[in-house]
Structure formats: C-alpha cells, structure tokens
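Visitor: Read off the chains here:
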Amino acid sequence: MPERMISLEPPAQRSTEIVNEANLIRRVRDGEHELFYELIRPYERRVYAAAFAILRNEADAEDVAQEALLKAFKHIRQFRAEARFSTWLIQITVNEARMRRRKAHASIMEPIADRQDEEGNYTPRDFADWREIPSETLERNEIRQKLAEALAKLGQIYREVFVLRDMQHLSIGETAKALGISTASVKTRLLRARLMLRDLLAPGLGGAWNMTGKLSFVKGTKPW
Amino acid sequence: MVVNCEEVWREVSNYLDGEVDPTLRVAIEEHVRGCKRCTAVLDGTRNVIQLYGDERMLEVPLGFSQRLHQRLDENMPNNRRSFLGWMVAAAAAVLVVGTLELARSSARGLEMRSEHAQLGTGVPPDLMVVVAEEGKLFHLAACTFIHEKNKTQLRTITAAEASREGYTPCVRCLKKYLTEAACSSHNSTLSS
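Those protein sequences? They're chains A and B, same order as listed.
Heads up, the first sequence is in the working numbering, so the first residue is 1 and it goes up one at a time.
Heads up, the second sequence is in the working numbering, so the first residue is 1 and it goes up one at a time.
Here chain B stands alone, though its shape is the one from the complex (with noise of 0.2 angstroms):
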C-alpha cells in the first residue's frame, strides 16, 4: 500500500490517536520517512497534542476553588462543615504540604532532567522503556510521541534505570500507571 502526502494529512491525526489500520499505519510511516513535508506535519501535530495536553495549559483564575467552595457551601442543605470540620481540613492541608515538601526533599538527590518533572510514582521499576539521549522523557517503545529525529539515538532501559538518569513518565503511553498512582494516592486521602 503507498499513500501521497494528502493521505498522510488527512490521516495524521488519525495515526497520532493509534485509530488507523496496520497497513495504513506501515504506509504512512514509509512515506514520511522520504518526506519532509510530511515529516514537518506530523512532528508539529505532534508538538501541538503534547504543549496542549500539558497540565499547566488548565490554568484557573487565582481563588477559583475558594470561590467554588463558597458557593457550594452556600448552596448545600445540612452543610455539615463546622469550626471542627474546617480545623481537621486545614490540618489536612498543614500534613499534604508537608509530606509533598518532604518529597521534593526526597527526590532533590536525583538530577532531573526537567526542573519541572515529577517522579513517576506508578510506574512498574523493572518496565522496560525506551529513552532518547536528548530528550526527557521516557516512552513505551511503540509510543507515537518518540520524535523521529530521536529515534536513532534510543536507549532500552528499565523504568527504574530511566528514573535514576533523571527521565521522567510520558504522560501520554504511560498514562494507565499515572493514573493508577494518582488514584490510589486519592483514596489514601479520603481514607484518612
């Protein structure tokens, strides 16, 4: 199967989702490998999902969760949230910030890669991943989001051994752990 670069750009968003067929799949990747233009789209599309995909792109204005709780506070029938309740809230708050503080503190030994990354905390150690020497991040090895030019200078490692370099979870193929940890961190919280 051969596709043109007009195949490939109304399918490119499609092959970055992973909803295309496997022969389709192969044919793209063929043809953007002897095409640049086609190299330039995908790679920016790709560029696009993972600056918007980003956690800081959902900012909120400042005070926004106060406010909100104001009005379901006010709004609430039988609001159950006395003096006491707020005290065991703020003591609440006193012990996350410490133990997020007590984290950092932790993970200060290791030199991260991005002064912005964070710990994977779900992340199976003995997982074996894949790691460019430029970049970040590390990937499971079919990841769409490895970037092309990278991908002659990958590094199969395990995720422990990725955590140790400084690299941190892709956020994208590695989702299902993240949120697995993110999740039990939750119920840990609403437990206590």
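Here chain A stands alone, though its shape is the one from the complex (with noise of 0.2 angstroms):
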C-alpha cells in the first residue's frame, strides 16, 4: 500500500483532534484569548517556514509571522471547521506574505528556475549512485546551511510548494487550497521542485555543496 495511504488519520482520530482543536478555538472565541498562545504554539514554525518560502528574508518572515498570527487572532470567529486550523493559518501566511512581497517586488530578482517552463517534462542531470544519508546529518549547521541555500536556488512557484508539501506536510489539496492554485500544478511544480533539489544537492556538480570551498568533494563522492 502506498506511504500516502497509510499515513492517512482513521476517521475517528481525525473527528477527536477536530473536537480537541475546535474546543479550544470556541473558547477563545469565548474570550477566553490566553487560550490563543496554546492553540498557535504547534503551528509558530510552521508559520515562519511558510513566510520564509516566500521572502526569503529573516527580518520579513518574522514580522509577517506575527502579522499573520494576530490576524488569525483577531479573524479567529471566522475560520470555518471544514478546513484544518492549521491550513487556515497557513493560507493567512501566504497571502500576507506574497502582499508583503507585491510590495517589494521591484527590488527582488527572481532565480533562473522561475522562467523556466513549468509545463515542460524536467530531466535528471546527476545519475550517480545515492545512499541513505543519515538523519544526524542534519545536526550539522552547514549541512542545513548548504539545504537551505538549495532551496532558496529554486523559483519562487516551486519553493512554496515544497515548503508547503514536503517540510510542512500539507496533502496535495491543502496546498492546492493554500495556494490558489490546482492540484495538478501543485503534482506538476512538486516533481520539478524535488528533482531540481536532488541535482542541487548532488555532489559533483559545482552545485550548493561546493559553493563556500568548505565542503568541496572530489568529484563522485559523497559529502555523507
């Protein structure tokens, strides 16, 4: 059975978190607003992840952080229970964040990948052979550093997807919804998105890896 499916809450947990959450957004409706600490707290970097996606900024980030999370506050009576509390969070992110960035945009340079056809089938540039790499990995500052910078290598459409899918575990239709866009391009930018990372990441090709000389790697091996 696929990974996707399994991972799929039995309709059962699925209403109690429902109820658990939509108890404690009654009662801060109710007046109850310390209450709003506790129901973000799970959600605060999750928040500031998707607004990085988008402004690739710290400072920016942060503050549209805050911005969408009082937002969230004081619209709170708003939310509709037939979305999850924290797509709803996440979708008052985004837009804040692309208005903070339609502000801004005359200054920002848009990467190569953003131009490139999204329609278009992408093609694998590194074949060689990859191992499992270790979960301790990331323990290392550079490490995060040079997956960081991979990231922030891909056009804007494709960045916002793989936040949203693959580093905040939205489904395929959360994203969609977050977005404003389709499922099929949600499918579409998903593909290139990961691929592109994957050629980003491998090494031997003068990609992210090498950029700062301090993990350069003879060209073929691993940098794990």
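Keep in mind the hints are simulated off the structure, nothing from the lab.
Honestly, I wouldn't trust all of these hints.
Stated by the list, open to error - Mimicking DSS-like on lysine-lysine, the simulated pairs with C-alpha atoms at most 25 angstroms apart in a straight line are:
no., chain 1, residue 1, chain 2, residue 2
1, A, K187, B, K176
2, A, K177, A, K103
3, B, K175, A, K187
4, B, K176, B, K136
5, A, K103, A, K153
6, B, K175, A, K177
7, A, K177, B, K176
8, B, K136, B, K175
9, A, K103, A, K74
10, A, K153, A, K187
11, A, K177, A, K74
12, A, K71, A, K103
From these two lone chains plus the hints, build me the complex, please.
Guide: Okay, structure coming up:
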C-alpha cells in the first residue's frame, strides 16, 4: 500500500483531533484569549517557515509571521471548521507574505528556475548512486545551511509548493488550497522542485555543496 | 505494462506520494530494479524528501517565540496575562522541563541507534514493523521510504522489539501514531 495512504488518519482519530482543537477555538472566541497561545504553539515554526519560503528574508518573515498570527487571532470567528486550523493559518500567512512581497517586488530578482516552462518535463542531470543519508547529518549547521541554500535557488512557485508539502507535510489538496492553485499544478511543481533539489544537492556538479569551499568533494563522492 | 526511464522520472514524485495506481506502481518498481539511473533518481528524490521533511529544517530565529508572544500580548484586548498568570506559566515550564529530563534519563537505559532519536510513544507495541540491519528507523512494511538497498536485510519484528533494539519510528509511514501521541500530550497540557 502506498505510504501516503497509510499515513491518513482514521476517521475516529481525525474527528477527536478536530473536536479538541475546535473546543480550544471556541474558548478563545468566548474570551479566553490567553488560550490562543496554546492553540498556535504547534504551528508557530510552520507559519514562520511558510513566510520565509516566500520572502527569503528572516526579518520580513518574522514580521509577516507575527502579522499573520495576529490576524488569525482577530479573525478567529471567521474560521470555518471544514478546513484544518493549521491550513487556515498557513493560508493567512501565504497571503500576508505575498502582499509583502508584492510591495517590495521591484527590488527582487527571481531565480532562473522561475522562468522555466512549468509544463515541460524535467530531466535529471545527475545519476550518481545515492545511499541513505543519516539523519544525524542534519545536526551539522553547515549541512542545514547548504540545504537552505539549495532551497533558496528554486524559483518561487516551486519553493512554495515544496515547503508546504514536504516540509510542512500538508496534503496535495491543502497545498493547492493554501496557494490558490490546482492540485495538478501542485503535483507538477512538486516533481520539478524535488528533482531540482536532488540535482542541486548531488555532489560533483559544482552545486550548492561547493559554494563555500568548506564542503568541496571529489567528483563522484558523497558528503555523507 | 512496461515503462521507460522518462516515464519513471515523470512519475517519481507521484510514486513516492503513493499517488500512482497499482499497475503503474508495479511497472515502475520492475523498471527501477533493472535500471541504475532510475534507482539513483528514486533514491535521491526520496533522500531529498526525508532530509527536508525533518523538523530540524524548520528553524526559527533565536527569540522568535518570545517576540511573537510579546507582539500578541500588546495587541490582545482585555489582556488577562496577569503576574499570577506568568508565574503559573513559569511553574508549568519548570515542570515540563523536569518531566522531559526525567523521560530522557529513563530512556538512557536504551542504546539508541541515533543519538538524536526520540522514542515513539504513540506506536502500538505489538504492531509488526520492518527494520533494516543498517538503518535507524522502523517502518510499516509498505513504506516507500525503506531503502531499496537495505531491503535484502530486512527483519519483521514488533514495534516494542524495534524500540528495544534502538530503532525509532519513521515519521512518514507511522505519522498517524506520532500525531496521536503529540495530540494527546498537547491536550493533557491544556487540561492541566
């Protein structure tokens, strides 16, 4: 059975989760404002990450994350239970970040990847053999930095989809809704984002891993 | 059904998301078994998803949460965060830290395969799972994030045994159990 199908929560558990969160939301609406902190605690980092994916600037992303959560608090009565609260928060954040970006748009140069034909097939460039990368690798700051740099090289439309889907684990449908695009577009962009990142991270291509010289590897070898 | 390399590349993302029909899935798996290039593409793409899907990639600037709460405080009507409220919050934080420290010290008896691993508290102990000799995670048998190269050395054991051996749950295929555990812990914090 496919992995994603397994990870779907059983209806009973999903409904328990919704009831718990809905109860918290109701209490915040009824005036227990301090519970809002509890409500958003699991999502604070995700909101920041969504803002950063769009703005690529820490200060702006933090400011937008704060704005978005403040807006969520002020408009919590408008939240409709048919969506997940987390998806609603991400949607607000995406809108806020896009507005901020639009204001500063003139000064932002988009990476080349944005100009690529979205519908065209993407052909992988690197076929070096990969082995499993241990999760401990992520304890190294420079590795996380390299991953972040590779992500920043993606065009906006690919980065947005990748961050929501693969870093925030939204479903294809939720990602589509948050970004206001079709599920078909999500799938197309996701494929390209994943393959581009794979190529960017593949050693021996003069890609992100070799940018500072600290992590330069002999062609054909792996950094892990 | 037979697929070529280009078709595999076009579907690799959908394949990993479990979004292809069973016939295509079998065809892709058959092709990948005999194709080094497609194995490299599939393994690499899976690695990308795993690496970026890790919680550690969602970093926030130092002090982010405090600044956020401060901003919310300033903008909340009829702010109820009295001094007493802050004292209660501080006491709760001390309790949480103490509990975590206790949990960590009780987990020290187990030699984890990864020093960063956390025990999966929400996974049913009698659930049959799969482990790879060289791996650090335990998975459901159908998880697409078990590495192909390790599949020859797989063992099927219970989740409890896997935990005892230091394996930790795969966050992808066992997500529902981990979410459930996190959810109940969240709720218990709220009700306390």
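Visitor: For each hint, tell me whether it holds in the structure or not.
Guide: To see whether the hints hold, each was checked on the structure:
1. A:K187 - B:K176: holds, 23 angstroms
2. A:K177 - A:K103: holds, 23 angstroms
3. B:K175 - A:K187: holds, 21 angstroms
4. B:K176 - B:K136: Holds: K176 of chain B and K136 of chain B sit about 19 angstroms apart, inside 25 angstroms.
5. A:K103 - A:K153: holds, 22 angstroms
6. B:K175 - A:K177: holds, 22 angstroms
7. A:K177 - B:K176: Holds, at roughly 22 angstroms.
8. B:K136 - B:K175: holds, 16 angstroms
9. A:K103 - A:K74: holds, 23 angstroms
10. A:K153 - A:K187: holds, 19 angstroms
11. A:K177 - A:K74: holds, 22 angstroms
12. A:K71 - A:K103: holds, 19 angstroms
Comparing the model with each numbered hint stated earlier shows that all of them hold.
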